[in-house]
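Enquirer: Residues per chain are reported as follows:
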Amino acid sequence: MSEPLLKVENLKKYFPVRRSILETLRKEPPRYVKAVDGVSFEIARGEVLALIGESGCGKTTAGRTILRLIEPTEGKIIFDGTEITKLSHEALRPFRRRMQIIFQDPYASLSPRMKIGDAIAHPLLVHSLAEKEEAREMALKMLKRVGLTPEDEFYDRYPHHLSGGQRQRVVIARAMILKPEFVVADEAVSMIDVSMRASILELLESFRKEYNLSQLFITHDIAVGKLIADRIAVMYLGKIVEIGPTEEVLKHPAHPYTAALIEAVPSIARRKKEKKIRITGEVPNAANVPPGCRFHPRCPFADEKCRSEEPKLIEVSHNHFVACHHPLI
Amino acid sequence: MEIAGKIAEFLFGKKPGRGMMLFGLTIVLIVLIMAIFAPWIAPYDPTQSSDDVFAPPSGEHLMGTNRLGQDMFSRIVWGSRIVLYVVFIATLISMAIGIPLGLVSGYYGGKTDRALSVVMDSIYAFPALILAIVIAVVLGPSPLNTAIAISFVYVPTYFRMVRGQTLSLKGQLFVEAAHAIGAKNREIMFKYILPNLAPTILVVFTLSVADAILTEAGLSFLGLSVTPPTPDWGYDLRVGQPFLLDGYWWLVFFPGVMIMLLAMAFALIGEALNERVSLGTR
Amino acid sequence: MLLEVKNLSIYYYTLTGVVKGAEGVSFSIDRGEWVTFVGESGSGKSTVAHAIMNIVPSPGRIVSGEVVFQDRDLLKLSKEELREIRGKEISMIFQDPMTSLDPLRKVGDQVIEVMTVHGIPEEEARERAKELLEKVNLPPDRLDYYPHQLSGGQRQRISIAMAMAFNPKLLIADEPTTALDVIVQDSIMDLIEALKAEGTSIYFVTHDISLAAERSDKIAVMYAGKLVEFGTVEQILENPLHPYTKALIEAVPDLWKEGKVRAIPGYPPDLRNPPSGCRFHPRCPLAKAGLCDAEEPEFEEVEKGHYVACHFPGGWRG
Amino acid sequence: MARGLGQYILIRALMIIPTILILYTLVFFFLRILPGNPVMAVVGTKNIPPEQLEHLMEMAGLNKPLYVQYFDYLKGILHGDFGVTLAFPMGKPVWDYISQRFPATLELAIWAFTVSVLLGLITGVLGATKKGTKVDTSMRLYSIIAYTLFIPWFGMMLQYVFGIHLHWLPTSGRLDPGVDLHTITGLYVLDSILTGNWEALVSSIRHLILPALTLGIVLSGAYTRLVRNNMVDVLSQDFIRSYQARGVPDRKVLWYALKNAFIPVVTLMGLQFAILLGGAVLTETTFSWPGMGTFLVDRIDYRDYNAIQGAVIFFAFFVGVISLIVDIVYAILDPRVKY
Amino acid sequence: MHGLKYASVNPMKRRYLPALLIFLMVFSVVASGCIGGGGGEEKTSTIVIGVTDKVTDLDPANAYDFYTWEVLNNVMEGLVKYKPGTLEIEPGLAEKWEVNEDSTVWTFYLRKDLKFADGTPLKAQDVVRSIERVMKIQGDPAWLVTDFVDRVEAKDDYTVVFYLKQPTSYFLSLLTTPPYFPVHPNYAPDQIDSDQTAGGAGPYMITKWVRDEELVLEANPNYYGEKPKTEKIIIKFYRDASTMRLALQNGEIDIAWRTLRPSDINSLKEEGKLKVIEVPGGFIRYVCLNTKTEPTSNVKVRQALAAAIDRKEIAEKVFMGTVEPLYSLIPNGMWSHKDVFKDKYGDGNLELAKKLLQEAGYSESNPLEIQLWYTPTHYGDTEADLAQMLKEQWEKTGMIKVTIKSAEWGTYVDYARKGQMQVYLLGWYPDYLDPDDYTTPFLKSTANSWAGTGYANPTVDELLTKAQTLTSQDERAKLYEQVQEILAEEVPYIPLIQGKLFVVTQENVKGVIIGPDMIFHYAHLYKE
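In order, the protein sequence lines correspond to chains A, B, C, D and E. In terms of numbering that gives the first Met the number 0, the numbers along the first sequence are unbroken and rise by one, the last being 328. In terms of numbering that gives the first Met the number 0, the numbers along the second sequence are unbroken and rise by one, the last being 281. In terms of numbering that gives the first Met the number 0, the numbers along the third sequence are unbroken and rise by one, the last being 317. In terms of numbering that gives the first Met the number 0, the numbers along the fourth sequence are unbroken and rise by one, the last being 338. In terms of numbering that gives the first Met the number 0, the numbers along the fifth sequence are unbroken and rise by one, the last being 527.
Incorrect hints may appear among the rest.
Unchecked claim - Derived pair list, reagent style DSS-like, types lysine-lysine, alpha-carbon separation capped at 30 Å:
1) D:K91 with B:K110
2) E:K207 with D:K91
3) A:K275 with C:K287
4) C:K287 with C:K259
If you're looking for bench data, these hints aren't it; they were derived computationally from the structure.
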């Protein structure tokens, strides 16, 4: 395997809990929400890694921290051999061109007062890749490329004239105009109507082929992950609990949590299924992470060891790692 | 042409509040015309006294004459200049200070922001008219000084509005997206945040103009705005007040109505704009 | 027949025009039956749900139709009569658990209130509230919490607890799990299923057809304010007759299905100005000029209990 | 919880200090920009020899360096000493004035405030529940017109109609001449009730009506608008429909909606109170109301530094206290607020 | 039918109607209460007087404004006083007095039956204590004592001797001023006691004092003289003339005293429902001209300005006939008064003004530019009109351009004292009624620094000093006439008008007596 494009090592992001004036005065120790608590993975060129987890598991924070839209607390982010964790903002700018992000909410990720054509052209101007006219031309081409035609008509529209699916195309166009090598797609389709989702996924897939684009695809929907990812990583409370090739993980989930997730997903193809694993309760607050295995309070198999000792990622089959004392395989 | 059409569409298009908008704009336009063409519109010299004192409204004196025999209509016409001058200078000054300060303060945050916010909040929370009175008295009566006194109390209005909006816009995804494409802070502030503030600024502008008109009138009512014989609505109202008891209602009625009509016109425009703005996005 | 909706139309009189939120919708629900309404956002599935309760939010108005519930047209009842039915005979849970509880009042007070407004004494209501919470797997002390102190899933459980207060004949669930994670979604679905087991009919709204697949008895597919297909789960999923239904099934990523998903081309129409003829024709692969764009297809029973509104039902098979 | 609230109040109260400091500093230096001083105002055109002028300046403490004057006064404030007047008369504690004048303003403010909130609630709720109808339109127009009423003009019109024309109500002052009232709080209506003085009660209420209506109506416009918009907002929320769907009677639902709509109104109240105090200056001037507003305007005429500073500081303090109370009320009303 | 609408619920009506009804009920009760009792039952023993002036300081050692002096005159008394309505001095607390030859030692013999309002006896020592107190406190009006009195002694319980610094012919008129009034021992001995209501030995005593709101006077039971005709006088303080006039017309007060606006007086007179009583007053208004700075340092310019003024027009238009034109600093009707400005320039003499301006080098193309200052509140609302009128009159010459400026009182006075204004308006209330008080403070170079005209003329200084020490009125009159001639020639001041006083009362009020001292003695008032 060649050198990975992106390498993340032991990434952590702790947010201090905003203390009230009283707590500050009482000198209570600061508390942290451990949104990302030691995450490591690699993504090869052209590879899609799906990061899956329930809301609040830290997957979104992880995505943003990797792009340094949020400053990491600890850990290393190595992009194409360069550690970008500590780069100054100025030094980071060239990397911004090569790494992009697509957000979940297409309504909020475009400035309401900017024509969508200008929004797409702006990255070119920011990185001095083109003059105004040229940028416009390129933006027009990109509009056509993402299927917003007639493109010159779309160029002058404002976001509120567009539907959610169309906006997401604009967002993708804006990210892709820089021909990035890596993109974080943060729940890129979860706010899009079902009928439209597939086409957005197709669009991303086409760029992947064209640019040999690596993707970190963040989603709560395993079915979507299955559709596009080469590998799947499952996150729970700030940690990756299982990571491996898509087929392998879905067919043979090693972590009880992964298994439960898979079983909870509704399906047309397998309507009346037997439930093997039932987990109860909800994800605890990331400010109070349970000791030991952080999944133990909800785990049907938890024992004393799980309550005290934190499991490490171990390889259960080729390239398939799990952090569990009692893996299912 | 196209832009003009769009502006016209924005202002007069069949949208909610069209009636309010039209009414407001008409009045503002009338007052503006009065101010610009005062020498041609006013039939008399507004400062010239005559022996024809306390004449009731008639064909000769549309709004009657005052105790010195000055033509009230001419004074109202010329008075529009002072009101507009004071109010617009005041609003411009406060915008010129409040908006950039709020933008930078909100965007960068930090200790300066906190200190500035405390100062602005303190002034903001204090009764504006009282502060304006103190400042106006100290600076002495002149339209420019009045404008300064008024602008002083509106700086925090703009500052707080812009700062608050900047703070919330700063957390929006599209700003994060701008970071992600590598835009610089200056670009983000002026290309992404400021344009999104514009509609709110416009609304606050019209509302603060409406408010400033009343503040100006309040200051001149207390005799702090202009020196006679300069025609000024608030001042004329003040000097006309004692004569209300003698039945010379026109001395009080017309200046008062003009003040409120103009303020109302701006408030109506602001209200209509507000509806358009909240309708325009999303 | 528990509920029979006949020719129901709801329009929204907005400032920018009249939005025909739902038009000519007819269907019926039997006792103990679970009917799921699927469709894209804006297809009218929630609007119909609101109309059954006669709580269409302003500026919406029910312009025609009947909602016959246990032989009474709900739309013709007096306020007081309707109030008696709401919350007792028919319960409703809403999409967003964040906003469907009054943020200023303790959830307990809200739960108890459902009972007291229907004539149960306060003390008894309090006791029953505790039981209800247990039923939805919440500790009774949650009664003293404010909504913001609960998670989304917990809040939705509270909503269900309230809906269960009287063993309603009908539960209207308007996308109750959209804002929730899959595991929580699953447990909420279990609760609704438990309610069904006690004899309650379910009117379930979702945009996720796979969610409909698992637990419903019948599926109703809505498109652009119209009911386009209605039938049993098997009929709809295994033998879809409307091209939209088929496209919808194919567009959903499914963990257990191999192969690609296929997007539906085009965009849903603007309901201020819906397309002529069949509303789906601009996106339909089968559309025939001069027919589909001119003539509105009838909503007809094609096989027993399987209704469809299409000029070419199942036409892709050749 | 209770302890938390107590400490919160304390800390929140401490935050009034910077506000006071900022306003004091502003006013202190503003007052000294132009030549002239209170001693001059006292002396006026009187033929007073220079030595005596010097003596008067010394008595007023005006010949000390500016920074000394600045800190001296500040020191006094810390001990609750607002200094003494420097003109007409010289040497009378400013606090005596404030304690005499403030209750008048407070009484006017309370009544005007009540009028404005009541009117705002009634018109706002009316507008919201009949959204889109003529009633709604008229309520919105009411809001704008009320907001743009020019206080002196409106006051004069009321004086003209109810005083001069109809002779129903007095047009100035707080009590009829010759009505004896033993003051306890300085709030005449309250004092009348406390002392069982029926004559004073009627008299003081009659004097209050016109100024309180003037100020109250003008300020109600903002409430109308806010209540209407909030109410429209709240009424469109799911929990309202959810109440309806549960069979909760409409009257109760409206009450719950009102409670929710009222919370942002509470936050407005603090600010409105400040505006109210500003408006009180004009109202007091129009109705010869012997309150803080007229006091301030009079003292500005004399350039009475200490009195102006004292009044401004007191206003700042009072406004701070009001906003503190508003915050506390807010925290009590809204369980989502953390402190 | 169409969803739930609140329109048909109407809980509003049910919820708020009661509140509204209660409000309306209260309102109507209150309103009708006033119709019934608005006129009030006749309380003949009480008279309510409205004023817009303020009582600043109840301590005669510091009070130095007209209205406060009036109140002090009603609750205190001096050793001598003016006979009501005249300038004739008559015995007050002192039943008789003696003066030495060069009028430097004055001996007064007190009445034996003197008591303060609370019954405390008043002795010579109290007089001495009071005078010494004034000298110690050094308040505003202290110079009225310290400039003249060297020391004061009590020979026995009933004899007081004043030793003066220099011969003072008009010492008795000084004695009628409040700084010479004996005060109750309750007054703080060596500091200002602004809110002290113990008073002195006057016909009234203060029974209630709410600053800026109300002052209640009741007849002093221990007063040596005649009992006041009205037991109780209530003084209501108004912020402005309009509200006072309203109160008068509304029947809330019996008398509107200082100061209604000229327009109010005029229309009340025309209306004829109330009595308007006119009293001459010693209050004068004049223009100050800076003799030190360009262009008013040029005497021709000053003369031209004086010539162009039309006092009759001012009196008519600005003051609506409530004042009379004044052609000298010494008021009309006071001995030695001469219409010097009328004789020299006439009224509105534009020709003469133009001629003088031309002589000074100005023309229509090169106009004289001046700044006219006024102060907006101190002299009332008419001040702005006065400034406007002067501007118009001066600009009528075609050779003058006037810019009007204004400053608040405290600043205005400072500007004046520093000589920073060019042409400005001031006014003068007499401290004591003697031509000296209308000349020396203006023209004597050692005494006129307050006015800021910078005027100094050794001849005038000499004339004035001489006039002060002479005792013969005829001889003094000659000197003052001479001074007035010089004043008209050199024009450091241009006299404009002299005020009149107006008392407007309800029909049934009788006994309004105000003398040349302009003090209203309430003791003579009564209602019919």
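Enquirer: For every hint, state whether the structure bears it out.
Expert: Against the structure, the hints come out as follows:
1. D:K91 with B:K110: Status violated; Cα separation ~42 Å.
2. E:K207 with D:K91: 18 Å, holds
3. A:K275 with C:K287: 49 Å, violated
4. C:K287 with C:K259: Roughly 27 Å between the alpha carbons, so the hint for K287 of chain C and K259 of chain C holds.
Checked against the numbered hints given earlier, this structure breaks hints 1 and 3; the rest are met.
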